[in-house]
Every structure is written in C-alpha cells, then in structure tokens.
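All chains should be built: construct the whole structure from the sequences, respecting the hints.
As you go down the protein sequences, you meet chains A and B in turn. Numbering of the first sequence is given in the UniProt record's numbering, commencing with residue 1 and proceeding in unit increments. Numbering of the second sequence is given in the UniProt record's numbering, commencing with residue 1 and proceeding in unit increments.
Honestly, the hints are just simulated from the structure, not real lab data. Be careful, since some hints might not be right.
Some chain A residues judged to face chain B by a derived CB distance under 7 Å, without partners named [unchecked claim]:
1) E4
2) A22
3) Y29
4) A31
5) D32
6) V38
7) L73
8) G108
9) D109
10) I111
11) T121
Each residue gets a CB set at the ideal place from its N, CA and C atoms; glycine is no exception.
Number of protein chains: 2
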Amino acid sequence: MNKEDYFIKQFSHSKFIGDDGAIVGSYVYSADAFFENVHFKREWMSLKEIAQKAMLVNISDAIAMNAKPKYALLTVAIPKSYTHKELDELALGFKKTAQKFGIEIIGGDTICNEKLDISVTIISKSKRPVLRSGMKKGDLLCYTGELGQSLKHLNALLKGEKIPKKSKFIKPKLNAKFFYEIASYVSAGMDISDGLFFELERLSKANTLGFEFFSSIPNEIGCSGEEYELLFSFAPQYQKKIEKIAHKHNIKLTIVAKAVKGSYECKCKGHHFE
Amino acid sequence: MNKEDYFIKQFSHSKFIGDDGAIVGSYVYSADAFFENVHFKREWMSLKEIAQKAMLVNISDAIAMNAKPKYALLTVAIPKSYTHKELDELALGFKKTAQKFGIEIIGGDTICNEKLDISVTIISKSKRPVLRSGMKKGDLLCYTGELGQSLKHLNALLKGEKIPKKSKFIKPKLNAKFFYEIASYVSAGMDISDGLFFELERLSKANTLGFEFFSSIPNEIGCSGEEYELLFSFAPQYQKKIEKIAHKHNIKLTIVAKAVKGSYECKCKGHHFE
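The following block contains the structure:
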C-alpha cells in the first residue's frame, strides 16, 4: 500500500470518506491540493492557468457527484518574490473560473511560502448525489471524451517540450451540463483524475464487482491521469437515452466494459508515493 | 499594504470575506493553513502536536464566531521520507483533536511533498454567529487569559531553546464553553491569532471606531500572535454577567479599552510578508 493510501486509511472508518466528495445533508464537500512541483511546474502554465486548473479539478469532483458547486474556500501559499501583477493574475484565474461556474469565493487563507501551493475546498449542493457505489451487475461502464492526451502532454512537458495552450492538461474540459442531465440514469460515477484503470479499480472495490472489457485498452489511454473526463455506469436500458443526450451536448461516449462478478486491479505504474 | 492583504483584497468585494469564518445559512466555514517552516519547524513539536495545533487554530475560529465545529476536511502534504509510524502519529493528532471537539473528519486530500503542509477546513454550525462587526461606541473590549507567552516561546524556539510541553504555543487553550455561554452578551469578537494589537486594528476597521485604553499595554503582550485567546466587546451593562461566567469557568478576563470615535492602528512589526 502506498503511503497516501496508508494515511487515508487511518480515517476510513468514517462513512463520509471514499467518494469524490463528502455528503452532509444536501451539501457535498470536496477538497483538493494543487501544489507546485507536485501537480505542476511553474514554467508549464501561466499563473492564471494554475489558479484555473486548481479550481477546475475541484469543480470536477462536484460535477461527478451531480452536485452544483456554490462556494469555494482557497488556501493559497505564495512565494515572497511574486509581484502585485503576478498576484493579480493569480487572483484573476480564481475569480474568472469561479464566476464561470457561479461559485462565490467565501474565504480561506493566504500565506507566504517557498512555492505556490493551493488548496481548494468546494461546497456544492445536490438533491441526488451520484456515488462511486451503486453499480449493479450487468451495468455498462462508459467514459466521456478522449483519453490519453494528458499523459502525452505531461510527458512532453517533463521532456521540456511545448504543448498546445488548449491542452486538457492545462485546462480540463468539464462536462457539467451533460452529466447533470443524465445523472438520474447513472448508477455510479466519478471523474478520471488518476487514470481510467485506477478509477475502475476504485469502482471495483466500492461495488465488489469486476469488469468484462469489450476491447483491450492500451496503457496510453488507461493510465492517463488528470483527464477529468467522467466515468460512469448505467443499466443497459438507459443506453439510448444517455447516447441521445451525449449527442445533443456534442460529447463522445466510449462504452468500455460491463460490470460482472469478480474484481479488477489497475496495473499502471503508481504515480503516488510509495 | 503587505502582499497577503493585497491578494486578499482582490476578493474583498464578497460579503463573505473579512471575518474569522464565512457564514452561509446556519453554517460557518473557515480554512487555515499550517505549513512547515512557515508556521512551525519540524523539530519544535511532535507530529501529533503539529496535527493537533493545525486543528486547534481552525477550531478557534469557529469558537470565536460562536459556532460549533461539526466537520473537517484535511489537505495534508507529507514528505516521502515519513514512516508508517510517523503517519500514524500524525493521523492520531488529527483524530484525537477532532474527537475531543465532536468533529467528524469527512474528507480532504493527501499528497507527497517536500515538507509537511496542512490545510484544514472546518464546517461549523451557529444559530447566532458573533462577528467582527457589531461593536458600539461605549462598548468595553476584553480578552481572555494571559497574553505574551506565545511570542516569548516562539522567540525561545527560534534561538534553539526548549519550551515547556504545556506552552500555549504548542497547544492553544481554547475557551469554547465560556464563549458559547457569554455569546449572547457579546457585540463583536474574534480570536487572537496575529496579536492583540493586530486584532484591535481589525476590530477598529470593521466597526469604524477607535479605542480609549485603560492602561498602556507593552508590546510583549500586544504583539504576541498565536495566542488563540478570545478578544470581544460588550455593552457595559453585561460586564457583571460576563465576569460571573468567566469566574465559573476559571477564566481570567482583562478589560483593556472602551470603544470610542476614531480609529486604531497596530504598531507591531509585521510578521506577514511585505
């Protein structure tokens, strides 16, 4: 077990832990860190893009639970050397992204640090949260969009190469409207932050089920993290409805597997610390 | 203006910003960072004490708003070198403190980082939050406990000296029960995290009032941060009631000033980055 999972396990007696967000009444709470030299390098993105991605990866958790993000708390550790212009750019990234999703930034903490380390808490509302559990035997497993670009672009950045400004690695593309519309047909769901195979393992554990794949998925697709596409399951009778809604929103769907008895284990090389 | 205040000012149009926590309906949200080499050095405290203090400084915000902490989200960035035993100790500090205050840890994020950086979001409930605003001309200003120890002990630690295990710098002493009992008599309040003089300046700004001091307060008292004592104002007719409740809880009260027309500016050397 890697050390992150070991640490998290100390808290896993809580009924709240283990989903993209914690549900308390009609509220959903999620918190994610976005740290320099852990999640990004300063030269990869502008400060506006960094703030934007820190927000988007958190908003993605809310959407994947069929929750509407309402409020955000930001904890921002900022290097002393940053100029007022740089602070403006960073603040703008937070504000613009919040505005786009109708989120109000209600508080947080700002401190001086060696590097730029951001933690975001998103407070969302949902009448019917979509959980990681709820998948039934025979349900179909499906993801949105194309997978693989984030890993490809991460590798390019690590080699010092340039990547397109429109890369999903820079600006995750969230499919909020689509998911809210199909949510009532979905049995379980989550966003793909650690890679399709990782998330499938999580779904497998949360539902004590395995998968029968319809075709083999290469590692370049299945191990690509930070995609922030949606992975979800549904009963076969909803397939047509969901495909129709996807078509309306111009979203590609790939049905990858069927839930079956058994279990599934991800074989990607871990990107978490051991 | 220091850079922290400059950055925070970018968000100050929000009606939620500017108090110890943000009020949304009957919930109060507060988030605070507790970062290695910013708020503490690893050799100053055990991992259990570090987790405990990270929780307590956040719980202190909730108490100062007359809110009962209910849930916590933890974002914990942990050095790769930490052993399972060290992770256990850290987790125990969070869990024990949460338990003591009836808080459920409902989620967060764990990542690998160069140093131990903790961000805590506390979700509290309050029927009648105490704000920084609400102080009236003629109100008396009062703080709990003794001030000065935290600055003295911080300076000792910075010189490489030992400090007592029971120091408030290691384990802030929160006066929850006392404050909940007097809250309905309080016109404005906050906790003393950046020093009495700093907090008085905040109260001055939030209420457009100044202070007439009853005696001169030395800088060793007024500039001592991380005290987590309570600073609050009340109308003179409640003085006897409040003193009686303080006596019951064995809490020392010091009435320092009266709110008057004017404004007040803190003269301590800033400990925030310029």
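Against the structure, the hints:
A cut of 7 Å between beta carbons decides the hint on E4 (chain A): the least distance to chain B is about 5 Å, and the hint holds. A least Cβ separation of about 4 Å between A22 (chain A) and chain B falls short of the 7 Å threshold, and the interface hint therefore holds. Below 7 Å, beta-carbon pairs count as interface contacts, and Y29 (chain A) has one with chain B at about 6 Å; its hint therefore holds. The beta carbon of A31 (chain A) comes within 4 Å of a beta carbon in chain B, closer than 7 Å, and the hint placing it at the interface holds.
About 5 Å separates the beta-carbon of D32 (chain A) from the nearest beta-carbon of chain B, less than 7 Å, and the hint is met. With a cut of 7 Å, the hint placing V38 (chain A) at the interface with chain B holds, because the nearest CB-to-CB distance is about 6 Å. A cut of 7 Å between beta carbons decides the hint on L73 (chain A): the least distance to chain B is about 4 Å, and the hint holds. A least Cβ separation of about 5 Å between G108 (chain A) and chain B falls short of the 7 Å threshold, and the interface hint therefore holds.
Contact between D109 (chain A) and chain B, as hinted, is supported at the beta carbon level, the nearest pair being about 5 Å apart and thus within 7 Å. With 7 Å as the threshold, the beta carbon of I111 (chain A) comes within range of chain B, its nearest partner Cβ sitting at about 5 Å, so the hint holds. About 4 Å separates the beta-carbon of T121 (chain A) from the nearest beta-carbon of chain B, less than 7 Å, and the hint is met.
Against the hints set out earlier in the document, no violation occurs for any number.
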